[in-house]
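Visitor: Kindly produce the complete structure, drawing on both the sequences and the hints.
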Amino acid sequence: MKNYGEEILQMVDICKVFDLGDGKKLHAAENVNVTIHKGETVGIVGESGSGKSTLAKMLTRLYSMTSGKIIFHGKDITDLKGEALRQHRKSIQMVFQDPSTAFNPKQRVKEIICEPLENFGMIDKKDVEAKAKEMLRLVDLPEDFADRYPNNMSGGQRQRIAIARALVLEPEIIVCDEATSALDVSVQKTVLDLLDRLQKETHVAYMFICHDLALANSFCDNIVIMQHGKVVEKIHDLREAKDPYSKKLLASVFTIEEGKNKVLPDELFN
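Residue numbers for the sequence shown follow the numbering used here, so the first one is 1 and each next one is one higher.
Possibly wrong hints are sitting among the right ones.
[Claimed, not checked] Pairs of lysine-lysine, BS3-like flavour, derived with a Cα cap of 25 Å:
hint : residue 1 : residue 2
1    : 125       : 90
2    : 133       : 200
3    : 234       : 248
4    : 230       : 200
5    : 24        : 90
6    : 57        : 25
7    : 38        : 90
8    : 230       : 248
9    : 24        : 57
10   : 133       : 69
11   : 242       : 230
12   : 90        : 131
13   : 247       : 38
14   : 38        : 57
15   : 81        : 125
16   : 69        : 234
17   : 200       : 189
18   : 90        : 200
19   : 2         : 189
20   : 69        : 200
21   : 38        : 25
22   : 131       : 106
23   : 2         : 38
24   : 57        : 90
25   : 230       : 247
26   : 125       : 106
27   : 234       : 57
Hints in this document: simulated from the structure, not taken from any laboratory.
Guide: Below is the structure:
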């Protein structure tokens with residue numbers, strides 16, 4: 001089993017209730033607890049509507065919480081606002097399912113990658129191109145991509161640019177919200193291999209949001225399975241699954257390596 005570093009973050013008894021009007025409420029997260037260590041990959045898995053993406057957005061403070069706490073390096077950051085919250089966001093970055101929606105189509109790749117640094121006043125204009133090329137090398141893309149526009153690139157290439165953009169601030173945690181689900185299987189595996197290499201080099205932690213438990217099992221160190229906003233169980237490996245809902249998700253597993261559906265061994269359901 002991987003040896004993790006220090007504890008970075010705790011999400012404690014996190015709740016999120018959306019008011020739908022007419023007295024109706026949606027409980028998107030109920031008393032969710034998640035801990036993330038340096039260099040660890042925590043998978044958050046569940047079907048659509050399970051609350052996994054809501055949890056990710058609360059971690060990155062794109063959504064407010066109804067109740068609960070977020071502890072970062074032992075400090076309660078739940079109520080951070082204004083400039084303090086803005087500065088904190090350097091530590092936790094996000095990679096979305098479709099990076100093109102987060103890119104300005106009028107910006108070149110070098111501007112996209114270095115925009116976070118410019119927003120925080122951490123780079124001079126004259127250094128943008130060199131920094132962008134450094135980040136492109138890090139994610140295994142040619143340096144000449146710096147002067148291209150993202151709409152002329154493949155989905156896998158755009159996702160690598162999104163990863164480079166997330167890494168440029170040297171965050172401690174990157175939230176990958178279905179970051180590989182829109183990619184072809186072969187491309188998906190190359191992106192996962194890239195994320196794995198970058199973690200070994202930088203010790204960044206990942207919160208990996210996905211609906212595919214087999215993918216999570218192959219990539220994540222620990223897996224949190226969610227249903228209807230609640231944590232069903234936390235496991236290290238598919239074979240540890242005990243809850244009926246978890247076993248339902250495991251009924252037919254998609255393996256990246258084989259690129260086909262694979263029925264799980266009977267012993268997982270005994």
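Visitor: Hint by hint, say whether it matches the structure.
Guide: Quick rundown of the hints versus the structure:
For the suggested pair residue 125 and residue 90, the alpha carbons sit about 20 Å apart, so the restraint of at most 25 Å is met. Among the hinted pairs, residue 133 with residue 200 is consistent with the structure: their alpha-carbon atoms are about 21 Å apart, no more than 25 Å. With a CA separation close to 15 Å, the supplied pair residue 234 and residue 248 stays within the 25 Å bound. For the hint linking residue 230 to residue 200, the alpha-carbon distance of about 31 Å lies beyond 25 Å, and the restraint is violated.
Annotation: proposed proximity of residue 24 to residue 90 is violated, straight-line Cα distance about 36 Å (limit 25 Å). Taken as a hint, the residue 57 and residue 25 pair is honoured in the structure, with Cα atoms around 19 Å apart against an allowance of 25 Å. Distance check on the hinted pair: residue 38 and residue 90 sit about 16 Å apart at the alpha-carbon level, within 25 Å; holds. Taken as a hint, the residue 230 and residue 248 pair is honoured in the structure, with Cα atoms around 16 Å apart against an allowance of 25 Å.
Taking the CA atoms of residue 24 and residue 57, the gap is near 22 Å; set against the 25 Å cutoff, the hint holds. A distance of roughly 39 Å separates the Cα atoms of residue 133 and residue 69; the hinted pair therefore is violated under the 25 Å criterion. For the proposed pair residue 242 and residue 230, the alpha carbon gap of about 16 Å is at most 25 Å, so the pair holds. Using a Cα cut-off of 25 Å, the hinted pair residue 90 and residue 131 holds, with the two alpha carbons roughly 17 Å apart.
Under the criterion of a C-alpha separation no larger than 25 Å, the hint pairing residue 247 with residue 38 is inconsistent with the structure, at around 29 Å. For the hint linking residue 38 to residue 57, the alpha-carbon distance of about 20 Å falls within 25 Å, and the restraint holds. Distance hint between residue 81 and residue 125 is unfulfilled; the C-alpha atoms sit about 29 Å from each other, more than 25 Å. Of the supplied pair hints, the one linking residue 69 and residue 234 holds, its CA atoms being roughly 20 Å apart against a limit of 25 Å.
Restraint check for residue 200 and residue 189: the C-alpha separation of about 17 Å stays at or below 25 Å, so the hint holds. Only pairs whose Cα atoms come within 25 Å are accepted, and residue 90 paired with residue 200 is accepted, the gap being roughly 20 Å. Only pairs whose Cα atoms come within 25 Å are accepted, and residue 2 paired with residue 189 is accepted, the gap being roughly 21 Å. A threshold of 25 Å between alpha carbons decides the hint, and for residue 69 with residue 200 the separation of about 29 Å lies outside it, so the pair is violated.
Restraint check for residue 38 and residue 25: the C-alpha separation of about 36 Å exceeds 25 Å, so the hint is violated. Note on residue 131 and residue 106: the hinted pairing holds, with a Cα-Cα distance of about 20 Å set against a maximum of 25 Å. Taking the CA atoms of residue 2 and residue 38, the gap is about 11 Å. The hint holds against a cut of 25 Å. Taking the CA atoms of residue 57 and residue 90, the gap is about 15 Å. The hint holds against a cut of 25 Å.
Of the pairs offered as hints, the one joining residue 230 and residue 247 holds, with about 16 Å between alpha carbons and a cut-off of 25 Å not exceeded. Distance check on the hinted pair: residue 125 and residue 106 sit about 18 Å apart at the alpha-carbon level, within 25 Å; holds. Between residue 234 and residue 57 the CA atoms are separated by roughly 20 Å; this keeps the pair inside 25 Å, and the hint holds.
Consistency note: the structure conflicts with the earlier hints numbered 4, 5, 10, 13, 15, 20 and 21.
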